[in-house]
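Q: Okay, here's what each chain looks like letter by letter:
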Amino acid sequence: MQAHDGGEPLPDLARVVVTGVGMVSPYGAGTRPFLEGVRAGRPALRAIDDFDVSACRCTTGGRVPRLDLKEFDAAGAFRRMPRATQYAILATAEALADAGAAAPIWPGERVGVFLGTYRAMTEVSEQIWAKLIHGEPRFVPALLFQETVTNAVASAISIRWGFKGTNYAVSSGNASGYQVLQLALQALRAGRADAIVAGTFDLFTEANQYDMDDLGMLSPSNASRPFGARRDGFVMGEGAAVVVLEKLETARARGARIKAEIAGVGLAHDAHAFAGHHPEGRGLAEAMRRALSASGAEPREIDYIGAAANSTPGLDRAESRAIHAVFGEAAREVPVSSVKACTGEAMAASDMFNLAAAVAAVGDGLVPAQPAHEADPECALSVVGPAGTGRPVRTALANSYSYFGGNAASVVVRSCAA
Amino acid sequence: MRVAITGLSALTPIGHGLEDFRAGLRDGRDGVRDIAGFDACHHRVRRAAEVDWRKPEGSPYSRATEMALAVAREALRDAALDDRERTGLRLGIILASNQGGMPPSVPRYRDVCAPYRRGTPAAGMVPRMLDGAPSATADLLAVRCGATGPALNVSTACSAGVHALGLGRDALGSGEADVMLVVSVEVLTELALAGFGVLRALTEGEGPRPFDQRRDGTLLGEGAAGLVLEDAARARARGARVWAEVAGYGSSTDGTHMTRPDPDGPARAMRQALGSTPVEAVDWIKAHGTATPANDVAEARAVRSVFGARRVPVTSMKAALGHSLGASGAVETVGTLLAMQGGFVPPTLRVEQLDPECDLDVVRGIARAWEAETVLVNAFGFGGNNASVLLRAGH
Numbered sequence: 001m002q003a004h005d006g007g008e009p010l011p012d013l014a015r016v017v018v019t020g021v022g023m024v025s026p027y028g029a030g031t032r033p034f035l036e037g038v039r040a041g042r043p044a045l046r047a048i049d050d051f052d053v054s055a056c057r058c059t060t061g062g063r064v065p066r067l068d069l070k071e072f073d074a075a076g077a078f079r080r081m082p083r084a085t086q087y088a089i090l091a092t093a094e095a096l097a098d099a100g101a102a103a104p105i106w107p108g109e110r111v112g113v114f115l116g117t118y119r120a121m122t123e124v125s126e127q128i129w130a131k132l133i134h135g136e137p138r139f140v141p142a143l144l145f146q147e148t149v150t151n152a153v154a155s156a157i158s159i160r161w162g163f164k165g166t167n168y169a170v171s172s173g174n175a176s177g178y179q180v181l182q183l184a185l186q187a188l189r190a191g192r193a194d195a196i197v198a199g200t201f202d203l204f205t206e207a208n209q210y211d212m213d214d215l216g217m218l219s220p221s222n223a224s225r226p227f228g229a230r231r232d233g234f235v236m237g238e239g240a241a242v243v244v245l246e247k248l249e250t251a252r253a254r255g256a257r258i259k260a261e262i263a264g265v266g267l268a269h270d271a272h273a274f275a276g277h278h279p280e281g282r283g284l285a286e287a288m289r290r291a292l293s294a295s296g297a298e299p300r301e302i303d304y305i306g307a308a309a310n311s312t313p314g315l316d317r318a319e320s321r322a323i324h325a326v327f328g329e330a331a332r333e334v335p336v337s338s339v340k341a342c343t344g345e346a347m348a349a350s351d352m353f354n355l356a357a358a359v360a361a362v363g364d365g366l367v368p369a370q371p372a373h374e375a376d377p378e379c380a381l382s383v384v385g386p387a388g389t390g391r392p393v394r395t396a397l398a399n400s401y402s403y404f405g406g407n408a409a410s411v412v413v414r415s416c417a418a
Numbered sequence: 001m002r003v004a005i006t007g008l009s010a011l012t013p014i015g016h017g018l019e020d021f022r023a024g025l026r027d028g029r030d031g032v033r034d035i036a037g038f039d040a041c042h043h044r045v046r047r048a049a050e051v052d053w054r055k056p057e058g059s060p061y062s063r064a065t066e067m068a069l070a071v072a073r074e075a076l077r078d079a080a081l082d083d084r085e086r087t088g089l090r091l092g093i094i095l096a097s098n099q100g101g102m103p104p105s106v107p108r109y110r111d112v113c114a115p116y117r118r119g120t121p122a123a124g125m126v127p128r129m130l131d132g133a134p135s136a137t138a139d140l141l142a143v144r145c146g147a148t149g150p151a152l153n154v155s156t157a158c159s160a161g162v163h164a165l166g167l168g169r170d171a172l173g174s175g176e177a178d179v180m181l182v183v184s185v186e187v188l189t190e191l192a193l194a195g196f197g198v199l200r201a202l203t204e205g206e207g208p209r210p211f212d213q214r215r216d217g218t219l220l221g222e223g224a225a226g227l228v229l230e231d232a233a234r235a236r237a238r239g240a241r242v243w244a245e246v247a248g249y250g251s252s253t254d255g256t257h258m259t260r261p262d263p264d265g266p267a268r269a270m271r272q273a274l275g276s277t278p279v280e281a282v283d284w285i286k287a288h289g290t291a292t293p294a295n296d297v298a299e300a301r302a303v304r305s306v307f308g309a310r311r312v313p314v315t316s317m318k319a320a321l322g323h324s325l326g327a328s329g330a331v332e333t334v335g336t337l338l339a340m341q342g343g344f345v346p347p348t349l350r351v352e353q354l355d356p357e358c359d360l361d362v363v364r365g366i367a368r369a370w371e372a373e374t375v376l377v378n379a380f381g382f383g384g385n386n387a388s389v390l391l392r393a394g395h
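Protein sequence lines, in the order shown, are assigned to chains A and B. Residue numbers for the first sequence follow the numbering used here, so the first one is 1 and each next one is one higher. Residue numbers for the second sequence follow the numbering used here, so the first one is 1 and each next one is one higher.
Hints are supplied without guarantee of correctness; some may be wrong.
[Stated by the list, open to error] If you want the ones that stay clear, here's a sample from chain A, every Cβ over 10 Å from chain B, calculated:
(1) 13
(2) 76
(3) 108
(4) 165
(5) 206
(6) 254
[Unchecked claim] Taking CB as the label site, the calculated pair distances span:
(7) A:273 <-> B:88: 53 to 61 Å
(8) A:32 <-> B:123: 54 to 62 Å
(9) A:230 <-> B:239: 57 to 65 Å
[Claimed, not checked] The list that follows gives simulated cross-link-like pairs (lysine to any residue, SDA-like), each with its CA atoms no further than 25 Å apart:
(10) A:131 <-> A:33
(11) A:131 <-> B:19
(12) A:131 <-> B:200
(13) A:70 <-> B:55
(14) A:131 <-> B:110
(15) B:55 <-> A:33
(16) A:70 <-> A:131
(17) A:131 <-> B:55
(18) A:131 <-> A:143
(19) A:131 <-> B:39
(20) A:131 <-> B:106
(21) A:70 <-> B:256
(22) A:131 <-> B:108
(23) A:131 <-> B:256
(24) B:55 <-> B:1
(25) A:70 <-> A:159
(26) A:131 <-> B:121
(27) B:55 <-> B:2
(28) A:70 <-> A:97
(29) A:131 <-> B:46
(30) B:55 <-> B:34
(31) A:131 <-> B:118
It should be emphasised that the hints constitute simulated quantities derived from the structure, not laboratory data. We put the CB at the ideal spot given by N, CA and C, even for glycine.
Looking at chain B on its own, in the form it has when it is part of the complex:
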């Protein structure tokens, strides 16, 4: 079965909604700022790429879950699958998130979680308590969207957003659902800020510099995205606009170390995603590109081992968007599709002196006018989890 992407949505640090996000990518907007969502004064690093978005007044759910609901609604609308059009359709949900509706800060955690909260929780607190479970956001998405197919959260660290696309494709292929809604969300939490801080994985400069000689770490970001997947034949039959087809998918595990990347694993994921597509056909690589010293050199080696002498434009969006962990793969896939349709390749911000160890055609400075038809998207994560997806323009 050929799988088409027929609906998109995004909430990102550089743009809310598709047009704004696309303009942000094209103009090289930078989403990195001082942290505003909570008091970060005790943290080593006090900058991040937050999304300027508040949850609706009176919501009993977490901000992450509300962001997920918002992008889900928008993606279904973009796919022209509003409530009425979904009657009789079996819809399934794949959520990509590491932290889901976990309370983001110490004060919020103390409000909600035992043993810190005071007294017996009031009825209004119950949804917020249960929203902290990894599957809760996916459950609420199923309820709100009337999705009676499979509903799951995939939580494979920073590769989750691309794994979600593969899982969505498989659910369509096995006939479990007519349409799969992939939603990703990650908000900034003190848990991640402290954790990446003690791992010395965060930049202490103004922002991350993927593939640059002076790169000294990544930077956390927030984001949410929605993608609607369906059988390409079905999409054509109902006259849906097709953003792209999922032309290939690969996933692998390093099986060597929890946090030290091994180029062999990512290379296997990329080769699987390419399948029989020759490397000559690939027009652009949306890199994982976290800007940690270890990731970028491992990714560059993996790309060179797969692509050989062929030089392909490469972008890391994390310089602008920060690293939204479980959401990043899906958010950056949406960014990739917007750029493909807009006829440009967005720049990697803050690259001044390319690291000779990362000898790739890194697009930097300003966006490059480029009609990319076939694009490889990478997402790699903690635990040596790797995922790649090959996108082919829909027209």
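Just chain A, with the same shape it has in the complex:
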């Protein structure tokens, strides 16, 4: 496999496209309620009521609402699975149906499942530690332990659909989603798979809420205002989202409805400081440059930027500076918004929410909006408000940035319409 140096369009053989999208988000199951919500700039953030948040300054979150799982699968085995696995399975079922692949169309050996996550299976590990702390090792339920491994979710998808190609479970902090896309591009271009189910999942628990609140990361005013002048921290979000990826050539050959092309992914690390990102967004700027170069796109071709900004003072400023560094004067003009205004900071799951919104945007031109709020002159971006943009979107850039680690990623999404 050769490096793509940019400038030249990729041969069809190397082009990878999205043919299906599925998710479970703070709006519930399904991509449609998510798109309707974020495009209206209507946040899915609510008072957290399923655990005690009385000792936290921030008491709001983007929790996934209780879902009617019985309707999807009444089997006890499914209903006993960890939430992460249930959500990822629901998202995969939607994405496969969207791709016209609800019934098997590829040999199982030719389908890979690549998932990314920041918190992995902490919701399960916490239950086991509670047994060890309050009880004894022998009280740990045997069937629970096997769910602590990060790849348990990918395995469950493999087993459910008989996908026997490679399973990867990776973590690059918040940037895990686009890291997974890059691995999928490599596998598809090398001809090692016919399709990849690529996705992310991240949930938050009571302990996570208290950790972030104790660290002063969460919004004491209980609001998510990416790039806003009064932003004061993030609100937690959660969910799972999945895309089905195939090569353009084979997707066309089977008559699939092609939603968008993953034109290029850029990955970079700040290599700056542990538990922090670079103040100027050095890694993110480099990731955007690499994504643009890999896709052969010029900054002026980008019609929309799906931002990673999560309403923390530092991360949003760093992303704004990185966008200015890469886009120059155009940075003030290109429409920008962050879905985290509506979903909260869902860590790696946010990557795929952002991607799903970008994929939909290059399909019908509608982009996520943010609730109206006072703009931060220091950010100097054209943040999309509830009125939308009114401009067509042919090519979008989606960003991802780890505020605790400096891992950055960016992806160029392009319309495949002639």
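Could you slot chain B onto chain A? The hints should help.
A: Relative to chain A, chain B alone:
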């Protein structure tokens, strides 16, 4: 692109550093002891293969993360890629670990984690809290090594250490990085000890007996390893010593059951790793060989289905090293390369009566003098994840 391994390092229960580890393998040293890292009195099994290594005094990070940093430094030094030599290089990081910097024991967990810790965490506690996230160790490796390329943790249970080599190879192939540093680490935790305990997957005897008729389970171990990967042409151009080339890589998923292995999946991973290399060219198989009743028989069947009548020497290092889960694949790859270069195949400890169901040429007793040029390395894991890599001697 041909990918060369140009730097190695290891911290294992039977040796720290390359020479010590190699001597440990050759001499059949046994790393299994009573657990010393925490009070294991409430656990079913109270033996493991720990690494006798303490983190530096005053470190705000976990012992696992400090072990990862130590092997990273050593592997870059072994590759003659110290700080000065790395100027202008785009370095990427692949970390293989299941548990990363998770607190290892109940007292440590209570110190660090909500809702058990007391009061608002002091500033000094913050790195330790964040170090528990799966990607944190990889982030710190990137910071300390100045790595601006991709940085990720691959956490595919016990196959992660070999998946990491495949991911490193792919990152070089796509031009994302000039050099990839693969680091693996796993420390013993009460979570894993309890979990494998209730699954009845751990031996209750003195230690694991891979492929033996009386095998009754695996045994947990600790370990850390570093491997430096780069384009073989680049390595030659800079005059680097090449330990071996990554001649093939395969990965597959059983897609049948979370914990019950199916020989078909491992066989597919091995065939992919072999590619066009005929089985006659393979000189040695470094088996996954956990010593659980189910794994060893499934692996033996998979090997026979791939190799047919061809009998190849087989070693499991887990009898001596214990099972270091996400780290094991990379730690044992380093052991394999050390043995290849030393002209021997290390023995599988504690094999007395080979299980007829595992009818393989298991090397046991003492090390066998053997110049292995082409070696297949296996790592299989929970969830039916399988990975194999084919190593070819570098000279």
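Q: Hints first: check each against the structure and report whether it holds.
A: Tested hints:
1. With a cut of 10 Å on Cβ distances, residue 13 of chain A stays outside the contact zone with chain B, its closest approach being about 15 Å.
2. No beta-carbon of chain B is positioned within 10 Å of the beta-carbon of residue 76 of chain A; the least distance is around 16 Å.
3. Residue-level check failed: residue 108 of chain A sits 6 Å from the nearest beta carbon of chain B, not beyond 10 Å.
4. Remark: the non-interface label on residue 165 of chain A conflicts with the geometry, its nearest Cβ contact in chain B lying 7 Å away (cut-off 10 Å).
5. Listed as a non-interface residue, residue 206 of chain A fails to keep its Cβ farther than 10 Å from every Cβ of chain B; the least gap is roughly 7 Å.
6. Non-interface status of residue 254 of chain A relative to chain B is upheld: no Cβ of that chain comes within 10 Å, the nearest being about 22 Å off.
7. Judged by the Cβ atoms, the range 53 to 61 Å given for residue 273 of chain A and residue 88 of chain B is violated: they are separated by roughly 22 Å.
8. About 45 Å separates the C-beta atoms of residue 32 of chain A and residue 123 of chain B, a value inconsistent with the hinted range of 54 to 62 Å.
9. Separated by about 58 Å at the C-beta atoms, residue 230 of chain A and residue 239 of chain B satisfy the suggested range of 57 to 65 Å.
10. At roughly 38 Å between alpha-carbon atoms, residue 131 of chain A and residue 33 of chain A are farther apart than 25 Å, so this suggested pair is violated.
11. For a cut-off of 25 Å, the pair hint linking residue 131 of chain A to residue 19 of chain B is broken: about 42 Å separates their Cα positions.
12. Pair hint residue 131 of chain A plus residue 200 of chain B holds up; C-alpha atoms about 18 Å apart against a cutoff of 25 Å.
13. A C-alpha spacing of about 49 Å is found between residue 70 of chain A and residue 55 of chain B, which places the hinted pair above 25 Å, so the restraint is violated.
14. Proposed proximity of residue 131 of chain A and residue 110 of chain B is supported: the alpha carbons are some 13 Å apart, at most 25 Å.
15. For the suggested pair residue 55 of chain B and residue 33 of chain A, the alpha carbons sit about 49 Å apart, so the restraint of at most 25 Å is broken.
16. A hinted pair counts as satisfied when its Cα atoms are at most 25 Å apart, and residue 70 of chain A with residue 131 of chain A does not qualify at roughly 28 Å.
17. Between residue 131 of chain A and residue 55 of chain B the CA atoms are separated by roughly 28 Å; this puts the pair beyond 25 Å, and the hint is violated.
18. Between residue 131 of chain A and residue 143 of chain A the alpha-carbon distance is near 14 Å, which keeps this suggested pair within the 25 Å criterion.
19. Distance hint between residue 131 of chain A and residue 39 of chain B is fulfilled; the C-alpha atoms sit about 16 Å from each other, no more than 25 Å.
20. Annotation: proposed proximity of residue 131 of chain A to residue 106 of chain B holds, straight-line Cα distance about 10 Å (limit 25 Å).
21. Simply put, residue 70 of chain A and residue 256 of chain B have alpha-carbon atoms about 23 Å apart, close enough for the 25 Å limit, and the pair holds.
22. Taken as a hint, the residue 131 of chain A and residue 108 of chain B pair is honoured in the structure, with Cα atoms around 15 Å apart against an allowance of 25 Å.
23. With a C-alpha separation of about 29 Å, the suggested pair residue 131 of chain A and residue 256 of chain B falls outside the 25 Å cut-off, and the hint is violated.
24. Pair hint residue 55 of chain B plus residue 1 of chain B does not hold up; C-alpha atoms about 38 Å apart against a cutoff of 25 Å.
25. Of the pairs offered as hints, the one joining residue 70 of chain A and residue 159 of chain A holds, with about 20 Å between alpha carbons and a cut-off of 25 Å not exceeded.
26. For the hint pairing residue 131 of chain A with residue 121 of chain B, the CA-to-CA distance comes to about 24 Å; that is within 25 Å, so the pair holds.
27. Proximity of residue 55 of chain B to residue 2 of chain B is assessed by CA-CA distance (about 37 Å); at most 25 Å being required, the pair is judged violated.
28. Among the hinted pairs, residue 70 of chain A with residue 97 of chain A is consistent with the structure: their alpha-carbon atoms are about 19 Å apart, no more than 25 Å.
29. Taking the CA atoms of residue 131 of chain A and residue 46 of chain B, the gap is near 18 Å; set against the 25 Å cutoff, the hint holds.
30. For the hint pairing residue 55 of chain B with residue 34 of chain B, the CA-to-CA distance comes to about 20 Å; that is within 25 Å, so the pair holds.
31. A threshold of 25 Å between alpha carbons decides the hint, and for residue 131 of chain A with residue 118 of chain B the separation of about 19 Å falls inside it, so the pair holds.
When each numbered hint is compared with the structure, violations occur for hints 3, 4, 5, 7, 8, 10, 11, 13, 15, 16, 17, 23, 24 and 27.
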